[in-house]
Amino acid sequence: MEASEERFDFLKMIELANTISESCGSISIEIFCEYCECNVLMLKKMGKLAELGFSDIITKCKIIKENREKWIEKGEEVKTVEQIFEVEISNGLGKATGSNNNKLGFDKKSEFYKHIGSCRSIERLLRFMLLMQRIIENLYNDKEEKVSTAVRKAYDQELSRYHSFFVRNTAKGIFYMLPNRDKFLRSITDDYTQFPEDEMEGHMKTLIDTSEVITSYIINFMKEHDHFELP
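Mapping of the sequence shown onto full-length UniProt numbering: residues 1 to 231, in sequence order.
Since the hints were made in silico from the structure, they are not lab data. Careful, some of the hints might be misleading.
As the list claims (entries may be wrong) - Computed Cβ-Cβ distance ranges for the label pairs, DEER-style:
hint, residue 1, residue 2, range
1, D156, D209, 15 to 25 Å
2, K109, M200, 53 to 63 Å
3, E77, E111, 18 to 28 Å
4, R186, N91, 43 to 53 Å
5, V213, D107, 40 to 50 Å
6, H225, E69, 19 to 29 Å
7, E197, G75, 46 to 56 Å
8, E6, E144, 29 to 39 Å
9, D182, K103, 44 to 54 Å
10, G75, H225, 14 to 24 Å
If you're wondering where the values come from, they're calculated on a predicted model, not measured in any experiment. Backbone N, C-alpha and C define an ideal beta-carbon position, used for all residues, glycine too.
Please put together the full structure from these sequences, using the hints given.
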């Protein structure tokens, strides 16, 4: 089922984050992608424009899962994020984008000529996860922080350096159209209206801590394989 057809479940998101943080070293591709898709569902609560700004996240998840099936068909054991990362590097596809593959030695006759690499897709998902992590951190650390301010700070910290002048200016326009803090927090917990404020803060802190474990691990894993900050 596409993420757009699902309801956002705040507690499910925390559960997924806990599962991934406890399985670093052997992160299920299925659960990893489900967690990213859950982040997209939370982003949708900020409005359609915010969602459209990251519409490719679902596509990246789809690419990784499709690549997994291709490798399994070739006899590779690929169930985890780590395995697909290492398999693609070992096959010379670590930096493949689908448009630069000929420069990596894959001509038009190669089955990998148009292969969109999982390594680059995973890094793009990492950047998105870091953005969402910073947004929640900002809202948690400053109880008066506006959503627009929290998102702008997170964007400047995690994503703006990768974007063109045009994209950065477009992002600024989106920030002004985000919901207010109370409306956003109510919207992500609309199935749990019984949450007292201190319990909500506890859930936010759990999400921040587990996300930090996940993103730090993935960054270190990529650096160890010399495939971090891929173009």
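Q: Report the numbers of all earlier hints that the structure fails to satisfy, in ascending order.
A: none
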